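Protein chains in written order, with the numbering used here: chain A, 1 to 164; chain B, 165 to 491; chain C, 492 to 1235.
Treat the hints as calculated values from the structure; they're not laboratory data. All figures in this text were calculated on a predicted structure; none of them were measured in a lab. Each residue gets a CB set at the ideal place from its N, CA and C atoms; glycine is no exception. Any given hint might turn out to be false.
Said to hold, decoys possible - Coverage of chain A stretches by chain B, computed from C-beta distances (three or more under 8 Å per stretch; other residues unrestricted):
id: 1; region: 15-27
id: 2; region: 43-56
id: 3; region: 62-71
id: 4; region: 124-134
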Amino acid sequence: MHKQLIKLTVNGDTHELAVAPNQTLLDVLRNELGMTGTKRGCTAGSCGVCTVNGEAGEAICSCLTLAIEWDGRAVTTIEGVQEGSELHPVQQAFLEYGAVQCGFCTPGLIMTAKALLDVNTSPTEDEISEALAGAICRCTGHIKVKKAVRRAAEMLRERDAAAR
Amino acid sequence: MQLPQFEYLKPATLSEGLAMLAEHRADVKILSGGSDLLINMKFGLDTPRYLVSFNGLEELVAIQERPDGGLRIGAACTLTDLVRDPKIETQLPALRDAIHSVGSRHIRNVGTLGGNLCLDTRCWYTNQSENWRATRDGCFKTDQELCHVIKTSTRCHALNTSDTAPMLMALDATVELSSAAGTREVPLLEFYREDGVQHTVREPEELLTAVLVPRFDGRAVFSKLAQREGLDFAAGTLAVAVTGTNEAPRSVRLVMGSIAAAPKALAGCEAILLEQGINDASIDAAASAARDALGKITNLFTPSGYKRRLIKNFVREALAELRDQAD
Amino acid sequence: MSAKKEELSVVGKNWSRLDGVDKVSGRSIFTDDVRLPGMLYGKIVRSPHPSARIVSVDTSAAEALPGVKAVITAADAQGILIGMNQPLLPTKFVKFVGHEVAAVAALDEATAAAAAKLIKVEYDVLPTVLDMTKALRDDAPQLHQKAKRNVGWEENLDYGDPDAAFAACDVIREGEYVTNPSHNCYAEYHVCVADFTKAGQLTMWTPTQTALLFQKSLAAGLKLSDSDVRLLTLNSGGGFTGRTATRPHHFLAALLSRKAGRPVRIRASGDEEFTMCHAGGKVIYKLKSGATKDGRLKVVEADLLFDSGAYVESQMIVTLLTSRYLGALYPIQHARYRGRLVHTNNQPYYFHHGGGIAQFQFALGQHLDGLAQDLGLDPVEFNLLNAVEEGHTTLEGSHYASCGLKECIEKAAAKSGWKDKRGKLPKYKGIGIGIGAMASGAKGLFKHDTSAAFVKIADDGKASLFIGLPDMGQSSHTTMAIIGAEVLGITPDDFQVVSGDTASDPLDVGAFTQRGTFNTGNATRNACLDAREQLAATAARQLDVDADRLVFRDHRVYPDGEPDRAIPFKKVVYDTLHSLEGRFVMGRGFYNSPLKKGTMAYSFGAQIAEVTVDPGTGVVTVDRMTVAHDVGRAINPRIVEGQIDGQVFSGMSQALYEECVMENGQIMNPSRLDYKMPRAFEMPEVDHIIVETVDPNGPFGAKEVGEGPIVCTMPAIANAVADAVGRQVREMPMSPWRVLRAIQ
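Please build the complete structure, drawing on both the sequences and the hints.
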């Protein structure tokens, strides 16, 4: 098994990396690029702490996708969510609503929420719960997290309205 | 958990990929979404020498209307794309329900229809790490002629837990299997085998390339029994599809999943409803027949006694919902 | 100490977490993020048998594998015990599936895993006993010579005269309940990084609830002096009573590091997370209670059997805690307790969220709910009639200087509409109440329950607060900053909380037994009062007033009643520091419960659960939780709500979902998928009612909230399910199959 060169764009920056076929996207982000914001959890796609956003902004478990499949593609991680020095509305809402406790699942939850809100700033309660179902949060029990997502949706709608 | 080593092959075209499957048929696995395969590889259950990735091939992600009004769905369509497709939503809402119940959004964003139909069977004696499995003997799935679930069995009883399979079976779907030698179509009702190891008729060099769903003018219901919504394997799934009226049904299909090594079409129940129509009495009779038809239920993941107790109500509720749809 | 609410300017507001921005941007560092030059990766070899004799251990193939830098076996680990009697790496016998036998460190995780596979261990399988009741029989295999009939620990307590009390009762009830093995399931898997490359000096990074106890345990085991062990606590991804003691992997990482001469990281992989540390084991509760016909509870008797697994580590704490609970909520004068820790060939069990008490309340809360019904009383009525009040001293000497239990019951009942619902709901809908109390501290578990704090203030008026209390998500660092800010008249964001390095942390027993807010909070308050005194001396001179007339508020210092004469806080600091004689502004403080045994304060609560049961499947949906909790004073209401939410989640999760399904001493469902916990869809609406009784001993009247609520949640849901179904479901979790059986 030999390594292969891939071009991976992370948060807008393109990196040329030598990766082995059996390295997951999570491995490469954390170990090759040193971007430890994306966390390692169950490594089996059931806890969501490793969530990143794919090219269409969709929520993906980076532990269950091979890095080599991402040659020529782009991914967004928690480190790329902030807008310059301004927090993204999802990040602000999480803080405002006390949806952060130990913080280990927080990057995964924010990427999950962002994926939902990037395509739909008026999600129903069920859509919020459904989006979050793939991510675990042991400390908040999801209760304030759902409120934060609702608030973030509201902030994004306000922002969209102001832009028009 | 670590992935074992393997050679990664990425064909530029479908025929190139099929040639790779043929060449390496003895030691190859197909990489689709990967959300099932990669976990099994991390568990050391699958250690193929070659992985052929069919992601990104245009011809595998189309959703087309067929001349007879049915749909041809590319097997590499992600489950999320299918959930959002307007054709599926309007023509086959119950199918959309089934697709929507797979995993979580995270899983559906990469998981494919082909992958879910070919989903490996699951058993809590086997779908565990190597270290976990070292506490006991191997089994039919690994390296011994033994089943931990039903000790006297001569075959594997791992469960088929695909949510899309029962619904597509109830809709009389057909799968297109392609290989370097050509294509063949297999009705989904004949695709699965009552064996947790060789659980489909697909050969290693074959790729499931499309699902053909005939035009459906009737009513259908998909029901999933799980303690948790949004991410849970089912304790049982039920797919029912009926054409005609409640008084005079023309066709009835009733398929139960997550209860055996293959999804089960319950012919006895179907016959009752066809003969008697869909009403309180026949629903009750069909529900009882369903429980009897299932035979020995395993104690995998949920107690078998519970599953037996549930089935009647489960079937009854789904059939009642179906009957009420006519109004 | 009991300031009126209007007089407080900082405490009681919803301040943002100090570490919040880092956490939402992925900048917070956790142990798995630590990268050290030359770091190796460790893997543990574990017994696949619940009971066996070790015949031989052959490490030669592993040692020969390229990339392997160290292999350790029992010979390397001699003398080190985990807890009372568990050898770190046994020489002769393994007594549970997962028992550590050897460990290896290599250049990468794949090589370490491959090397672990190459270590050949030969076993002679021995008879096992996996069921507690079987373990107590004469013919059962004995796990330990000293533990007769496999009883590893026994606690017997009698208060008053229970037999006479029962004789005088009009109504007596008996019942048996069961709770099952569980796992803490934090988001952050077990992990540690050990650097033992410098002789006689160990540095370790690991998530923990108590750096002090970890430091002492590692020092004792490795025969080092405490100060030669440096614990670095970065962020901890949740504790839930599961990170209160060192585990084998901590020692194994240290030994591997010493042998290899390089740092070593060990992280639980997949199912190993369930093997490395367990939460509670199976418990059988035999309960008997008696009341007189006026509805007064008179006597409670409890006989508890705990499956403590193959070894006793610190599980005796559970018998201590549950024995105290008999008289915690009701002012009974008579009680009998028997608690036994039974050895089986299951993995050693520890504590889940709730510390054994919440799980006990599942049983006791349901049992007494049944007694209430036997008396013909509505459960809310029964609880209001019997609940303890302020000023009460319990059977074993706990004194309630503040107690809002009745207020909680009344408010929860009112808010939930109990009167209009109880007994009037349609079939399969239910409403139930659960009450609880929780101590704010650990005095009696240890000889001292000390927390200490230092604060230094700089020219710019900003403070650095040094504490030894780990923040595992409960926001303790922010809470301390709020307390300190109130004392100094500044705001929490003027604080930097410095913590997480035993080399500089002041003494602190740790973040468990709910001692943080109360003990470390008082210590912080005292340290800031000390600093304030130094500043007051300067300002008093400048303003020509007595120092005790000075008010510190809104970043200003002024004589009481004369805000127009205010000096900016920053200036007072500056002037103090830049004096000719070169002063400093540094405060120190500490707090330790003055009692010989027992803590000074208890939180109390009442919760009402409303559920719907699906009679076809037995699935329980929690529709609403009304939570009233007496926290003394809410230092930060939003954080208090967050704690309540998290415990409603955890209580509900244990009540309805969580169970380690065991077979042959092995967990059948060691994954986040199959070990069930509810997620976003399943969570109910939660109404929070914060009751503030302003405890005379807590910092600004605050008491704990870290584990009190969860004690109420399990009985509330259990009683609601019993109401919905018409029968009690006496086994936890009340999974669909157990509920369905109760219905049919």
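Going down the list of hints, with the structure as the test:
1. 15-27: Result for this restraint: holds, n = 5.
2. 43-56: holds (count 7)
3. 62-71: holds (count 5)
4. 124-134: holds (count 6)
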